[in-house]
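Quick mapping for you: the protein sequence lines, in order, are chains A and B. Adding 62 to a residue's 1-based position in the first sequence gives its number in my numbering. Adding 7 to a residue's 1-based position in the second sequence gives its number in my numbering.
Treat the hints as calculated values from the structure; they're not laboratory data. Owing to the predicted nature of the structure, the values given are computational and were not obtained by experimental measurement. Do not take every clue at face value.
Unchecked claim - Straight-line distance between alpha carbons at most 30 Å, and here's what the computed DSS-like set of lysine-lysine pairs gives:
hint	chain 1	residue 1	chain 2	residue 2
1	A	K497	A	K170
2	A	K497	B	K166
3	B	K122	A	K497
4	B	K122	B	K187
5	B	K166	A	K170
6	A	K497	B	K187
7	B	K187	A	K105
8	B	K187	A	K339
9	B	K122	A	K105
10	B	K166	A	K103
11	A	K339	A	K103
What the hints assert, rightly or not - Computed spacing ranges between beta-carbons, pair by pair:
hint	chain 1	residue 1	chain 2	residue 2	range
12	A	G194	B	F192	43 to 49 Å
13	B	V185	A	R197	43 to 49 Å
14	B	I109	A	K339	33 to 39 Å
Every residue, glycine too, gets a C-beta built ideally from N, C-alpha and C.
Chain by chain, the residues run as shown.
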Amino acid sequence: MNTVSLFLSRFLLFFVFAVGASGAAAQVSDTHGFYSEAVLKAKLAQLEREPENFDLLWEVAVIASHQGAYDEAITALERLLVYFPRDPKLRIELGVMYFRLGSYNQAKRQFDLARTLNPNADELRRLARFEGAVRTGQSGVRFSNSVTLTFGHRSNILTTATGPSILVGGVPVLILPEQSGSFYSVTGSSKVTWTLDTPRADRVTARVWASYSDFDGSFTDFDRQSYGLELGYQRPVFLNFEGYALDIRGAYRLDDTNLLGQLGTFDLWEAYVGGIKQTNYSRTSLGYVYTEAEQPFGSTLRTGVVRLSYAQRLSPRWSAVGEVYAGVQRGNSQASSDVYGVEARAEYSHRLFSGSLDALTRVSLGYDVADARGVTPAISPIIPLDIDRVTASISEEISFNNGFDLRLRLQAIEQDSSLPNGEFDDFLWSISLRKRF
Amino acid sequence: MHRFLAVSAVISALAWPTAPVAQDSVGVVAGMQTQVIRGTRQMTVGDRIFQNDTVRTNQTGISQFQFSDRSSAKLGPNSSIQFSSDIVALAGREATIAVRMISGIARFTGSDSTKSNPIIVRTPNMALGVLGGVVDVSAANRANLLSGRMVCAVTGEQKFVRNPGFSCIVGPDGRLQVVKTPTNFAAVLDSTAVPNAGQATGANVGLSTGRFNAPDIDLRCGSDTSAQDQRCAVDFGGYPLPEGRSPFGRTTEVGPGETNNDLKINDDVIFNDNF
């Protein structure tokens, strides 16, 4: 209960801070209701009555673009351009819409035309920014890297089913002492990403990263080095008129943790193959995830799970996500267990932006249930593992045009479990500063 | 079997006449320059368009038609289209809007509903389905995909095009070809020329050589240039998925300071999603 009240009080404080900060910084709010489908319909109806109300037409373009309906934004801008074919701002924004849709040649055509129409200083700046992005898009190769520094705190580490564990019947069991404690952590990480978009719309991604964390706990101090490599491949697949995305990914992660006297190294391999069906309003994913985790004491945990996920945008700001999974875990003896679970969460996102920054507020409330039933003849015929968990989080992400991102995040977890030490309340917060290059 | 279905579908698009539909409005004239003519009558902005109407533009004319499903067509100079009620489906998908491209050039822009029920355009050479996105169509044997997807069909053959900058044409052997689009194709639809006063008519209420003083509100994402980055496409920004976003949200992300081993039974020490 203490955690709940603590969370609520901090949540409120944080919310006030986040909204205040982003609202003060952003010059444009969506008080006009730009995210509302109902507003868009009303504006279109009004437009039928006032077909040459150009301010209204511009509003329609803005609302449509806010909703991700770039086609409809293009329709509105093209209509304005029938009347104002020599307006550079309209040309630039039309080019931006094409750019968002990946139509780089058409975007470039609009930007080239805009340059011939005497754009002002603001328009020239916007033009230069997007022309550079179009050149990158046309080349198909993007290279980015970032450095992140995170400072965080966790209220309850030892009673969570976290990290160092051994397998009993294919089920991970904590080897840490039964003791509650909190810790502060500082993590520095660097990430390099390379992306290739081919002319046939395939996308190949490679990412390498490294991080170092130092944990200062109420019971012990330790540090951890992590390294990882991820490879991904996506391509669109069409079955008659329906478009899907084939998604194949592989990742390797190595953790070297110095805890309780050189606890050792954790290796994690993961492979995913699946498909995605995505529209402006929903996303359905079906895939198979295979994970192989090498842990200290020679234990290995292999997990194969089929996952089905569905996300629906309920309104421009609210979405609901549901996910089910089922699979098998196997240890390196005869141990094995079935695992299955359900997760549901509601998400709220709100974006504010101005010329100098974007601010994105996300609030998420989720509930998940995970069950596993293990078989280990030598120890126990059946080891049941049940976890019920409620998670609430709020985050504020502010991206500055100079390449810095700031993120503040709060999360509260309430978990019931049959695991040893598996019942806990936990409260986490973190502040991250990232520099993109 | 697949080939049979394709052939049947194309037949339904090209050769299967159906009973004419009653005089339902399919849209309105949303914008125009100089002359847009239906029959012998000059049209004006706001005029309704009906099934089987044929409209044409003069040599300096440009017109945009807004359809009831929020898709649109922009008709270039010296061009003519007919809103056709006898084209009902392509490859098994019922059309929201169907037109015959008689001459000239036009730009068709889809809406959310056309992603499942396309705009169908029949040119003298082929039939096209515009599945969302934007397609430039010339009556002289070319359809260029600007964004989204399109399906091109001739009797016995159909091809999907999903890459912007590629066109469907019909080759000398009568077969469909997907080729790269010439740089200046359909440039007339993006002309910055303003007809002079002599060419303009009373319909050109707002026609201007100057600027439209747009309210100082940016379109989505502000100055964000990361087209398919998560900051620009909050949740459902379309395909492909935003960079770094897994199909299952946070659950299959593996990156610095995060892990998802053991099916989320094990949380990472701080957070398990990507930043």
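Hint by hint, here is what the structure shows:
1. With a CA separation close to 29 Å, the supplied pair K497 (chain A) and K170 (chain A) stays within the 30 Å bound.
2. A distance of roughly 44 Å separates the Cα atoms of K497 (chain A) and K166 (chain B); the hinted pair therefore is violated under the 30 Å criterion.
3. Restraint check for K122 (chain B) and K497 (chain A): not satisfied, since their Cα atoms lie roughly 38 Å apart, outside the 30 Å limit.
4. Taking the CA atoms of K122 (chain B) and K187 (chain B), the gap is near 23 Å; set against the 30 Å cutoff, the hint holds.
5. Distance restraint check for K166 (chain B) and K170 (chain A): the Cα-Cα separation of roughly 27 Å lies within the 30 Å cut-off, and the hinted pair is therefore satisfied.
6. Proposed proximity of K497 (chain A) and K187 (chain B) is contradicted: the alpha carbons are some 39 Å apart, above 30 Å.
7. Note on K187 (chain B) and K105 (chain A): the hinted pairing is violated, with a Cα-Cα distance of about 38 Å set against a maximum of 30 Å.
8. Distance check on the hinted pair: K187 (chain B) and K339 (chain A) sit about 27 Å apart at the alpha-carbon level, within 30 Å; holds.
9. Between K122 (chain B) and K105 (chain A), the direct Cα distance comes to roughly 22 Å. Compliance with the 30 Å bound is thereby established for this hinted pair.
10. As the CA atoms of K166 (chain B) and K103 (chain A) are separated by approximately 34 Å, the hinted pair breaks the 30 Å bound.
11. This hinted pair checks out: K339 (chain A) and K103 (chain A) have alpha carbons roughly 26 Å apart, not beyond 30 Å.
12. Here the CB-CB span from G194 (chain A) to F192 (chain B) is close to 25 Å, at odds with the stated 43 to 49 Å.
13. Remark: the range hint 43 to 49 Å for V185 (chain B) to R197 (chain A) is contradicted by a beta-carbon distance near 25 Å.
14. Between I109 (chain B) and K339 (chain A) the Cβ separation comes to about 37 Å, which falls inside the hinted range of 33 to 39 Å.
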